[in-house]
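Heads up: the protein sequence lines correspond to chains X and A, in order. Each residue of the first sequence is one higher than the one before, starting from 5 at the first, in the numbering used here. Each residue of the second sequence is one higher than the one before, starting from 17 at the first, in the numbering used here.
Derived by calculation from the structure, the hints in this document are not laboratory data. The model shown is predicted, which means the values in this text are computed figures rather than measured ones. Do not take every clue at face value.
Computed cross-link-like contacts, BS3-like style, restricted to lysine-lysine with a CA-CA straight-line distance of at most 30 Å [said to hold, decoys possible]:
hint: 1; chain 1: X; residue 1: 375; chain 2: A; residue 2: 41
hint: 2; chain 1: A; residue 1: 126; chain 2: X; residue 2: 244
hint: 3; chain 1: A; residue 1: 126; chain 2: A; residue 2: 57
hint: 4; chain 1: X; residue 1: 375; chain 2: X; residue 2: 455
hint: 5; chain 1: X; residue 1: 92; chain 2: A; residue 2: 244
hint: 6; chain 1: A; residue 1: 126; chain 2: X; residue 2: 488
hint: 7; chain 1: A; residue 1: 317; chain 2: A; residue 2: 244
hint: 8; chain 1: X; residue 1: 38; chain 2: X; residue 2: 244
hint: 9; chain 1: X; residue 1: 455; chain 2: A; residue 2: 41
hint: 10; chain 1: A; residue 1: 41; chain 2: A; residue 2: 63
hint: 11; chain 1: X; residue 1: 43; chain 2: X; residue 2: 244
hint: 12; chain 1: X; residue 1: 488; chain 2: X; residue 2: 244
hint: 13; chain 1: A; residue 1: 57; chain 2: X; residue 2: 488
hint: 14; chain 1: X; residue 1: 17; chain 2: X; residue 2: 43
hint: 15; chain 1: A; residue 1: 41; chain 2: X; residue 2: 488
hint: 16; chain 1: A; residue 1: 317; chain 2: A; residue 2: 221
hint: 17; chain 1: A; residue 1: 41; chain 2: X; residue 2: 244
hint: 18; chain 1: X; residue 1: 38; chain 2: X; residue 2: 17
hint: 19; chain 1: A; residue 1: 67; chain 2: A; residue 2: 164
hint: 20; chain 1: A; residue 1: 67; chain 2: A; residue 2: 57
hint: 21; chain 1: X; residue 1: 375; chain 2: X; residue 2: 516
hint: 22; chain 1: X; residue 1: 43; chain 2: A; residue 2: 57
hint: 23; chain 1: X; residue 1: 43; chain 2: A; residue 2: 317
hint: 24; chain 1: X; residue 1: 244; chain 2: X; residue 2: 375
hint: 25; chain 1: A; residue 1: 63; chain 2: A; residue 2: 126
hint: 26; chain 1: X; residue 1: 488; chain 2: X; residue 2: 455
hint: 27; chain 1: X; residue 1: 38; chain 2: A; residue 2: 126
hint: 28; chain 1: X; residue 1: 375; chain 2: X; residue 2: 510
hint: 29; chain 1: X; residue 1: 43; chain 2: X; residue 2: 488
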Amino acid sequence: MSASTSSDTYQPKTNLGRVTNFVDTRVGGSSIVKEFGRKIFPDHWSFMFGEVALYTFVILLLSGTFLTLFFDPSMAHTQYDGSYVPLKGVEMSVAYASTLDISFDIRGGLFMRQLHHWSALLFVASVSVHMLRVFFTGAFRRPRELNWLVGCVLLILALAAGFTGYSLPDDLLSGNGLRIIDGVIKAIPLIGTYLSMLIFGGEFPGTAIVGRLYVMHILVVPALILLMIAIHLFMVVIHKHTQYPGPGRTETNVVGFPVGPVYAAKAGGFFFIVFGVVAVIAGNFQILPIWDYGPYDPSPVSAGTQPDWYIGFVDGALRLMPGVLWGFPFEYVIFGGFTLSLNVLLPALVPAGILFGLMFAWPWIERWVTKDTREHHILDRPRNAPFRTATGVAGVIWYCVMWAAASSDLIATHFLVSLNDVTYWLRALFFIGPIIGFIVTRRICLALQRKDREIVLHGRETGRIVRLPHGEFIEVHAPLNDYKLHRLVSFESPEVQPAEPDANGKISGTEKLRGRLSRFFFEDRVAPVTPAELAAAHSHGGHDEVETAESKAEISSR
Amino acid sequence: MGDHSHGSPKSSGTVATAGQSEVEKFQDPGLPPHRPRLADKDPRAEKRAEKQVAILFVISIIGTLLFFVGYFAIRLDETIATLRLQNFLLGMGTAFAMLGIGVGIVHWAKTLMPDHEIAEERHAVRTEEDRVIAETMVTEIIEETGIKRRPLIRNTLLGAMILAPLPAIGILRDLSEDLNPDVLRHTMWDAGVRLTRDPSGTPIKASDVTIGSAFHVIPEGLNEAEHKLEEKAKAVVLLMRLNPEDLHVSPGREDWNYNGIVAYSKICTHVGCPVALYEQQTHHLLCPCHQSTFDLTQECKVIFGPATHALPQLPISVDDEGYLVATSDFHEPVGPSFWERG
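Take these sequences, add in the hints, and give me the full structure.
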C-alpha cells in the first residue's frame, strides 16, 4: 500500500473522477488531458484543407478495408460467370473478375468502390491544396521547415498510393497505364530493361504485377502514410498552429478556440461532413466503369483516355515532348549499340524532378535569399510576399500546362481545334507561361498592397457622394477602425540585401548570386503605412478628404 | 481618389522609412471585443438552435434507415438500372447519416458552445540549457565509444555497414526468372505464319482486304499460345491496303508489301500503347495515348508527337490458298526503346 500513497491522498468525488483516477494512476493520462484539453487552435477556413486530407484518408482506410475482403489480386485466367451479362464467358484475370463481382454481386460493393476512388482523388487534391496554402502563406518558415518536408513526402506517397491502386482492377484502362509505365522504365539507361523485367516478373504484362502492386497498395504505402501523418501531427503540436495576422495576434501567442469543446466539435463534425459529401458524390457519379472498358488486352485501346488527375502532369509532359525536333531525333545510339531515349526520359523525370526538388528546397532557398532566420508564427497574406506568391503561381502554371497537355486530345475534339496546334501552343506555354505568370502575379500583389495603403491613408470608400457648397462632388471616405487598420499595416516588407563580402573581404560567387536574386525579388516593394504617414495624410493639403468630407457630410446630412 | 503616388515605392520615400523601428509601427489594439451571438442574448434563439441541432441528428437517423432500405429492399437483378438505384440509395443514405451528424455538431458548436477567442502563449520548443546538456551528453557518449580514436574499428564497421544491405537488394533477383533482353527482339511472327483477325483468330485472304480498309491482326496460333498476353503485347499488327503508287517503298523492302497491302506493328515506339487510330484519308496512324503520328505512305515514319522511330514493318506475302502470311519476323524490336535495343 505504501507504494501507491500518491493515489490514495486524492479522493475523487465524481464517477468521471474515479475513472480518471484509475487511468491516471496506471498510465498517467492526466498530463495528456492537461496538455490537449484546452489547447488553443486558430480558426480559418483555409486551415481545413489539411483536415480534408486527413479525413479522406480515414475514409480510404475504411472503404479500402471493405474492398480487401472481396478483392482477389490474382492474374490467373478465368472465365467470367457473374451477373453482368455482356461479359459472361469472357476470358479475364481473376483480379478483374473479382472487381466485377464487387461491383455487381456484392451489395454496396459498387458504392464502396466509388467511395474509395472518389476519396482517393479528393485525398490527393486536398493534400495539394493544403500544400499550396502552406506555401502561399509562408507557413513553411522556421520552425516548420521539417514539417514541410514531411508534407512533401506525404504528397509523393499519396501519388504512389493512387497509382498502385489505380492499376489493381486489371481493366483495359489501367493495363494501358501500366504499359506506359513499362515503356518509361525501359527508357532508363543501363538498368531499365532489367528493372522492367524484375517488376513485371518477366515480359510485360506477366502474371505478377497486380499482386505486387497490391502489397504496396494495401500494406507498404498506407503504413508509410500513417507514419508520416503521425510525425506531421506530432510536429503541429510541438510548433502550435500558425495564425493569420490580426489584432491581438503576435509571434508569441496563439489566438483561437480551445480544443474542448469548440474546436474538437467543429473538427470532429467536419469529418462527418467530408464523409457525407464524398458519399453524395459516390452515390451519384460513376467513376471508372471497368465493365465498359473490358479486361486488359494488349491490342485495343480507347481514344480520349485519361489517367487519374494527379498523374496527368507526367502524362502531359510525355505528350508535350517532341520526339523529333527540326530534324533531330531525341534518341541516340551511343557507345556503339546502346539506346538512349531522351524523348521519354526527359519528360518523365525532369519536370517532376524540378517541381519536387524546388518544393523540397524552397524553405532553404527563401531563407538563403532573404537572410531571414527568425521564427515565424504569423502567416503572410499572399499579397504581402509578392516574390513568393509570384514564384508559386509560376510553378502552378507550369504544372497546369503539363496537366492540360494530358487532355490535349480532348481539348482538340471538344473545341474543334487542331490537335497539333493545341500541342504547339502548350509547348510554347510550357516555357512562357510561368514567366508571364510570375510577372503578372507580382504586379497584382504590388497593386493590391498599394490599394491597402490607399485604404489605410484615405479610409474606405463609403459610396456616399456629397455635393459641397461650391458645387464640387466628393465621395465620403470613412477612416478605418483600429482593428481593420491593424490588419492592413501589420506586415513586413523585406528589402534588398545586397551581396556582402565574407570574412576575407571577398564576395563569393554564390553570395553574388544571392545578391542578384535578392534584388530580383525585392527591388519592387510596397512598405506598410507608418503612423507618421497616416498622420501626414490626415493633416496636409490634398489628403484631407477624410476629415473635410466627414465634417461636410455631417453638415449636409443634418 | 486623390494622389496615388503614395503607393509607389520609388516616388514617395517609403522605402527609406518603412519598418525601421518599433516606434514607427502602429500599436496593436489587442483582440477585438467579443460580439455576442443571437443565442447568447435571446433564450428563444437558444431554444431554436437546440431544436435545429436535434432535427439534424434525426435527419442522420433517417439517413441510416434509408441506407438499409437501399440495402435490403433492392434485389439486384441483371440490369444496371437496379444497381444504379441501389448505389444511389446507399450513397444518399450514407450522405444524410453523415451530414446530419456533421452539420448538427458544427451548428451546435457555432451557436451554443462558447465562442470566446482565447490567447495562449507560445513557448520555445526547448530551452538553450537543454540543448547544451544534450550536446555534452552526445559528445561524451561518442567519446566513450572511442570511435574517433580507433579508426580501424570505425573503418571496418563502415565497410561492413555498406556491404550488409546488399543481400537485401540481391535477394530480389528472382523477382523475374528471365532477365535476357533478347526476348524483346523476337515475336511469334515467322516465315509462313498466317495473319489472322484479332481476337477471333480467323485467317485473312488478300482479296478480303479492300483499298482503304484496316484489320487488327494477330499471328495464327496466338490464342492457343502458353503466354498469350505476353506474346500478344509484342505481336499485334495493323493491316491496311493503299494504292500501291501511294507507297514510298525504300530499297530492300520492295517485297514486304503485297499489292499495296502493308502490315505494321501496332505497338507504339514511344511507350508502347496500341496505335489504334487509322485516318483513312491522310493515311496517318495515331496513337491515342500520346498522339504520336505515323505516316503510312512513308513506311510509318514519325511525323508528329513524342515517338522517335518508325513503326516496324512486318514483311508479308500470300500462301498457296490466298491467305496473307508473314515472310519473316520483324526486322527490328517492336515497341518502346530499351537500352540494349541498339
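Taking the hints in turn, this is what the structure says about them:
1. A distance of roughly 22 Å separates the Cα atoms of residue 375 of chain X and residue 41 of chain A; the hinted pair therefore holds under the 30 Å criterion.
2. In summary, the hint linking residue 126 of chain A to residue 244 of chain X is supported, as the alpha carbons are separated by about 23 Å, within the 30 Å threshold.
3. In summary, the hint linking residue 126 of chain A to residue 57 of chain A is supported, as the alpha carbons are separated by about 15 Å, within the 30 Å threshold.
4. In summary, the hint linking residue 375 of chain X to residue 455 of chain X is supported, as the alpha carbons are separated by about 28 Å, within the 30 Å threshold.
5. Proximity of residue 92 of chain X to residue 244 of chain A is assessed by CA-CA distance (about 20 Å); at most 30 Å being required, the pair is judged to hold.
6. For the suggested pair residue 126 of chain A and residue 488 of chain X, the alpha carbons sit about 23 Å apart, so the restraint of at most 30 Å is met.
7. Restraint check for residue 317 of chain A and residue 244 of chain A: the C-alpha separation of about 29 Å stays at or below 30 Å, so the hint holds.
8. Taken as a hint, the residue 38 of chain X and residue 244 of chain X pair is honoured in the structure, with Cα atoms around 15 Å apart against an allowance of 30 Å.
9. Between residue 455 of chain X and residue 41 of chain A the alpha-carbon distance is near 19 Å, which keeps this suggested pair within the 30 Å criterion.
10. Of the supplied pair hints, the one linking residue 41 of chain A and residue 63 of chain A is violated, its CA atoms being roughly 46 Å apart against a limit of 30 Å.
11. Proposed proximity of residue 43 of chain X and residue 244 of chain X is supported: the alpha carbons are some 9 Å apart, at most 30 Å.
12. For the hint pairing residue 488 of chain X with residue 244 of chain X, the CA-to-CA distance comes to about 25 Å; that is within 30 Å, so the pair holds.
13. Taken as a hint, the residue 57 of chain A and residue 488 of chain X pair is honoured in the structure, with Cα atoms around 26 Å apart against an allowance of 30 Å.
14. With a C-alpha separation of about 25 Å, the suggested pairing of residue 17 of chain X with residue 43 of chain X holds against the 30 Å cut-off.
15. Pair hint residue 41 of chain A plus residue 488 of chain X holds up; C-alpha atoms about 15 Å apart against a cutoff of 30 Å.
16. Simply put, residue 317 of chain A and residue 221 of chain A have alpha-carbon atoms about 27 Å apart, close enough for the 30 Å limit, and the pair holds.
17. With a C-alpha separation of about 26 Å, the suggested pairing of residue 41 of chain A with residue 244 of chain X holds against the 30 Å cut-off.
18. Simply put, residue 38 of chain X and residue 17 of chain X have alpha-carbon atoms about 19 Å apart, close enough for the 30 Å limit, and the pair holds.
19. About 73 Å separates the Cα atoms of residue 67 of chain A and residue 164 of chain A, which puts this hinted pair outside 30 Å; it is violated.
20. Note on residue 67 of chain A and residue 57 of chain A: the hinted pairing holds, with a Cα-Cα distance of about 17 Å set against a maximum of 30 Å.
21. Taking the CA atoms of residue 375 of chain X and residue 516 of chain X, the gap is near 14 Å; set against the 30 Å cutoff, the hint holds.
22. Between residue 43 of chain X and residue 57 of chain A, the direct Cα distance comes to roughly 27 Å. Compliance with the 30 Å bound is thereby established for this hinted pair.
23. Taking the CA atoms of residue 43 of chain X and residue 317 of chain A, the gap is near 67 Å; set against the 30 Å cutoff, the hint is violated.
24. For the proposed pair residue 244 of chain X and residue 375 of chain X, the alpha carbon gap of about 24 Å is at most 30 Å, so the pair holds.
25. With a C-alpha separation of about 14 Å, the suggested pair residue 63 of chain A and residue 126 of chain A falls inside the 30 Å cut-off, and the hint holds.
26. Only pairs whose Cα atoms come within 30 Å are accepted, and residue 488 of chain X paired with residue 455 of chain X is accepted, the gap being roughly 14 Å.
27. In summary, the hint linking residue 38 of chain X to residue 126 of chain A is supported, as the alpha carbons are separated by about 24 Å, within the 30 Å threshold.
28. For the hint linking residue 375 of chain X to residue 510 of chain X, the alpha-carbon distance of about 18 Å falls within 30 Å, and the restraint holds.
29. Taken as a hint, the residue 43 of chain X and residue 488 of chain X pair is honoured in the structure, with Cα atoms around 27 Å apart against an allowance of 30 Å.
This entry does not satisfy hints 10, 19, 23, going by the numbered hints stated previously.
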